[in-house]
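Please model the complete structure; the sequences and the hints are all you need to start from.
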Amino acid sequence: MKLVDAYTYLEKLRDFIYSLLEYRDKVKESGLEVIPIREATPLVRYGFISMFKSGVIMDVTNEKQAEIAENAGAVGVMVLDKLPYDVRTAGGVARTADLNVIMSVMNAITIPVSAKCRIGHAEEARLLENIGVDLIDESEVLTPVDEKNHINKWDFKTPFVNGARNLPEALRRIYEGASMIRTKGEPGTGNVAEAVRHMKLVNRDIATLRGYLLAGDYEAIWFYSKENKVPYELALLTAKLGRLPVVNFAAGGIATPADAALMMWLGADGVFVGSGIFKSQDSENRARAIVLATSFYDDPETVVEAQKMVSEKYSMLGIDVRILKPEQLMQVRGE
Amino acid sequence: MVVVGVLALQGDFLEHLEILRELGVETRIVKKPEDLSTVNGLVIPGGESTTIGTLMAVKDLGDHLVKHLEKGLPVMGTCAGAILLANKVADRVVGETNQYTLKVMNISIVRNIFGRQRNSFIANVEVENVGVVRAAFIRAPGIVEAWTPAKITGYVEHPTVGRVGAVAEQDSILALTFHPEITGDKKIYQYFVTKIKR
Chain A
1 MKLVDAYTYL EKLRDFIYSL LEYRDKVKES GLEVIPIREA TPLVRYGFIS MFKSGVIMDV
61 TNEKQAEIAE NAGAVGVMVL DKLPYDVRTA GGVARTADLN VIMSVMNAIT IPVSAKCRIG
121 HAEEARLLEN IGVDLIDESE VLTPVDEKNH INKWDFKTPF VNGARNLPEA LRRIYEGASM
181 IRTKGEPGTG NVAEAVRHMK LVNRDIATLR GYLLAGDYEA IWFYSKENKV PYELALLTAK
241 LGRLPVVNFA AGGIATPADA ALMMWLGADG VFVGSGIFKS QDSENRARAI VLATSFYDDP
301 ETVVEAQKMV SEKYSMLGID VRILKPEQLM QVRGE
Chain B
1 MVVVGVLALQ GDFLEHLEIL RELGVETRIV KKPEDLSTVN GLVIPGGEST TIGTLMAVKD
61 LGDHLVKHLE KGLPVMGTCA GAILLANKVA DRVVGETNQY TLKVMNISIV RNIFGRQRNS
121 FIANVEVENV GVVRAAFIRA PGIVEAWTPA KITGYVEHPT VGRVGAVAEQ DSILALTFHP
181 EITGDKKIYQ YFVTKIKR
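Protein sequences appear in the order of chains A and B. Throughout the first sequence, residue numbering follows the numbering used here, covering 1 to 335 in sequence. Throughout the second sequence, residue numbering follows the numbering used here, covering 1 to 198 in sequence.
Source of the hints: derived by calculation from the structure; they are not laboratory data. Every residue, glycine too, gets a C-beta built ideally from N, C-alpha and C.
Once the Cα atoms are required to be at most 27 Å apart in a straight line, the calculated DSS-like pairs of lysine-lysine come out as:
1) B:K88 <-> B:K67
2) B:K195 <-> B:K103
3) B:K186 <-> B:K197
4) B:K59 <-> A:K308
5) B:K187 <-> A:K12
6) B:K197 <-> B:K71
7) B:K88 <-> B:K32
8) B:K186 <-> A:K12
9) B:K71 <-> B:K151
10) A:K64 <-> A:K308
11) A:K240 <-> B:K186
12) B:K32 <-> A:K308
13) A:K148 <-> A:K82
14) B:K88 <-> B:K59
15) B:K88 <-> A:K64
Beta-carbon label-pair distances, calculated as ranges:
16) B:D171 <-> A:K313: 50 to 58 Å
17) B:V66 <-> A:I323: 48 to 56 Å
18) B:E157 <-> A:G91: 48 to 56 Å
What follows is the structure, encoded as structure tokens:
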């Protein structure tokens, strides 16, 4: 498993990118004055995300769903105006959720509350930071406002999670300051196929980079970075760690306990469940079952137990990704 | 040779395992009741206390753990772990919570006492018998009261919230409201290991 390097990578990452910001903080300290308490440093952001591991973050649209998620054992909720499935059906422009709804969720539950902003919409992100959400998702489920650039996330105290379909995309987001990555999958479809594909693409590239490193072929790593428009240092770090340098959750189409366990086997640190829970007809049981299957993915008996808690008759209907038109795909937004 | 278990239902258990290994301690992952009889001490990591509690209750691990604790199994709970050990738990915003906890330590704990994630911080904490520990407080709880045989052995001075209990000890149980595994400070682990050997 990933017992390897978990702590080492934390330290290395601090050395590499994060130390730049720690250094900036240090410069701000005047002369010999000692500041006893330092708020919201990069280490604190990173540390917060590592508490999510082996957990499930659930999409919710109101207080009641948030309470169901908390009681089921979710490690966090993501507040949206519409679940991804409904975003598809409704069409139009999808924006950040109603701030009043987000705040009422924050006051109703004790687990971390995340919310989505549009890709490139730094102002929506600032609003979310200001009301105090614990994690901001710069998400392709909403309609992007900038087709070319993402938000500079180093400007924020609040940690960000970004979607990625492959390793270069993930490393570009980390370079922009993302504290967490989620593989994109195809949101709102109830079809886990794309999530599987993205996780395997990430794994394959990591294995390739690791191979270069073990062969001592630094030129190949350099060439990979150049071809894929990622910083060489981040590619090298990934090769050394043998995994993504930040926590990576799987997302997009996870609808059953078995889907969640599968993503954990493929190397996800945890899962996001979007429409899968509240578009099913057995939400409460399904939420519990997915939490159980995620934590005990390596124990087949428990996953069987979890899978038996839900009925396929009540699963969300889902959409086959192959019948979606290219313009209906969300995963291609914001490379 | 002592064997320290780390509860691995959810949270940052990998970081704890890594530090313990660096200290030359033999480690075990604990996920099921039968795993408990193979360890001399246990670390309950940070994560979401409601999640870990829910999973503990589903698999009956909690009841077994309480039996081992009554027999004197040394345990160290960090952040969510401390919440799970406490007798009384409330949340700063929503008040009394009906979440599952082990209720084995005479402390009263308030969740998210410093606020939300944006109020998370790093500070030094002076801990009795241990010294100064570099501590990451992440959406951290605070120990607001301890009664015998539990005792608060470390405080954090916060500019707005004031003086809040950060470490408490009750015989073989140690509770920390912060994350030494995030800052990588090993002092408190060394202390816990000596407690196990004693």
